[in-house]
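Q: This is what each chain is made of:
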Amino acid sequence: MNLDLRIPMGLMFTFTGAILTTWGIKTNGDAIYARSLGINANLWWGIVLLLFGLAMYILGQRSQRRLVKEPAPPAKDGEVRRGH
Amino acid sequence: MQLTFVDWLIMLLYFVFVLGIGFALKRYMKTSKDFFQAGRALPAWICGLAFISANLGAQEVIGMGASGAKYGLETAHFYGIGAIPAMVFVGIFMMPFYYGSKARSVPEFLRLRFDEKTRALNACSFAVMTVFSSGISMYAMARLIQALHVFDGLFRTLGWAPEGIFTFSIVMSAVIVLLYIFLGGLTSAIYNEVLQFFLIIAGFLPLVLLGLKNVGGWHGLKTAVSAVDPRMMHEWKGVMHASTNPMGIEIIGLGMGLGFVLGSGYWCTDFLVIQTAMASKNMESARRVPLIAAVPKMVFPFLVILPGLLAISLPTPHTATTVHEENGVIYHETNVVPHEMEEGRGLVPAKINPVTGKAMLTASGKPLLDYDMATPNMLLHYFPTGILGLGLTALLASFMSGMAGNVTAFNTVFTYDLYQSYIHKGASDRHYLTVGRWATVGGILLSIATAYAAISFNNIMDTLQLVFSFVNAPLFATFLLGMFWKRTTGHAAFTGLISGTLAAMLHHGLTLPIEAHPGIHGGWITVVHHYPSDMAQNFWGAIFAFSTNFIITVIVSLFTKPRPESELVGLVHSLTPKPPRTHDRWWKSPEALGIAVLLGAVALNIFFA
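Protein chains in written order, with our numbering: chain A, 15 to 98; chain B, 186 to 794.
With the rest of the complex left out, here is chain A (with noise of 0.2 Å):
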């Protein structure tokens, strides 16, 4: 397939981390986190999930960049392979 699912997934959790970790910032040691047992869940798993959307999406990137370079295999529906 000629869409390499990491770079969507990868930019979603990017997003969604990096939403997390503004808002844990901004609302750093507010009386919400009475419920989290004190803990800044959004921040630190904002953190968690930014890290792994960047991963993913360079993996992704890698991989659709390989696939870019590389001749198109023997296309069978006479597609030409470009990249995202």
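Hints were generated in silico from the structure; no laboratory data involved. Honestly, I wouldn't trust all of these hints.
Using 27 Å as the maximum straight-line C-alpha spacing, the simulated DSSO-like pairs for lysine-lysine come out as follows [said to hold, decoys possible]:
hint : chain 1 : residue 1 : chain 2 : residue 2
1    : B       : Lys773    : B       : Lys302
2    : B       : Lys671    : B       : Lys746
3    : B       : Lys763    : B       : Lys773
4    : A       : Lys83     : B       : Lys211
5    : B       : Lys398    : B       : Lys255
6    : B       : Lys302    : B       : Lys215
7    : B       : Lys610    : B       : Lys215
8    : B       : Lys287    : B       : Lys466
9    : B       : Lys287    : B       : Lys218
10   : A       : Lys83     : B       : Lys287
11   : B       : Lys398    : A       : Lys40
12   : B       : Lys215    : A       : Lys83
From chain A, some residues computed to sit far from chain B (all C-beta separations above 10 Å) [claimed, not checked]:
hint : residue
13   : Pro22
14   : Met23
15   : Ile72
16   : Arg80
Just so it is clear, the structure is predicted and the values come from calculations on it, not from any experiment. Beta carbons: idealized from backbone N, C-alpha and C, even for Gly.
Once you have looked at the hints, place chain B on chain A.
A: Okay, now just chain B, sitting in the frame of chain A:
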């Protein structure tokens, strides 16, 4: 529940990406093979994650949490016995025939191996089941959204009547699933299942970590749960006899019924999961798909069962008034806990009779608990706004991917096995692609109808699931005999399947779990045997159905004319040349991976024993 814009933003982001993937894939959907089989070009890891994700619908996420709260660690048998061995079996032994036969669906495999009528029987029952299952998933989601008051705030802001929440939830999920499958077919469904797989981890891992920290780690959990019921922290203890373990089953029913019949019946024959493996790019990958899937499947008990266990180990909240003094002023702070929570256990609420407003009681006088709320209540309990949006998105995603898997299985079976075979043969590929797209629309409309029917007929869910179990229970015997005994004939397979289903019905009509009334729970003919639990009844019913099918198929096969061996090459084990070894290292082979998976499963079982 108080949701803020951050929660909505995260939810919205997910929907944008889900639909975005559908639109991005649209331009690759040129042939019916692209649409129904993902072009048979996906890498093994993607198919592998989709393979377990297709099953990781909400019934699984909510149901396993509920079962964890009700039965404890014994629930992990659904993984250790009920899934892993079957996944290894289908990868090593059965995938060569599914993938190698070039069949496009499981019913089509049955036509290649047996005959037209066996395929028609399987295709029809399967198509009906997928539509109803996706309707059940839809209904359950709308009910949960109502119970958690997810959209209440939104509806108030917009000035809409809260009665519309049910319809809104159903229409929203239907439109999203419809759009992304209509555009990107099976690829889209598989991609979104993988996305959902990671979302579930992202949403539930912090929940488990917070819960464990709260109760004092694994040891604290053990102590707290043992105070409720000491049997709940053991997976294997007391399994020799039905009265000494929480589920009320004994080792034979468990091993044979769950492991051999039900587990294999699901993981080895259900096109819902098999379709993802059949979408991979070559035989090697296809065989590896279920094995790759088995690895995360082993760790999933931590994610989905533990929230249930944690929910019952927490103290039950009670309405309490705290008095404190500040600057000479005395404050009374009353924390009101709803009645159903006070009557419950831990975070699991009691079921309230809507007429009397009192908690419903079991036959032994204890409050009846609403275990399905265990996992959702954990989310609400621990997650502050922000990550709460993520948790809810994970829950919604699991509902939608459960629906999506059913819908893609339906459109494939409908188009290839019913439309192309019996309604309109020999049309152009383009025509079938269009039919597939519209079958998606039709399937979703039928699911919506099922969801609405469920409102008016209280018992429809239980009845449907019961009927499915009658149809599914004998299936594995047919595939086992078909793939491994060349003498099996088409007439035999067909007769066997029907008699297996009849046996399952008969068994249900004649037996009853204790503490149940004759009717939907069984015993509707007359009661000749009482089971200690409905689980035991279910497992033994499957054993009877399987055995009946097996015996009848063997007997009829011996009296009917087998097909010439030349026609069965690639379909039966003994007549198929071994697949060529394309991998360079022995440890890369599916067999080695399978053994590693089994060893891992044994180790986990010993840990939980």
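Q: Please name the hints from earlier in the document that this structure breaks, with their numbers sorted from lowest to highest.
A: 1, 6, 10, 13 and 14
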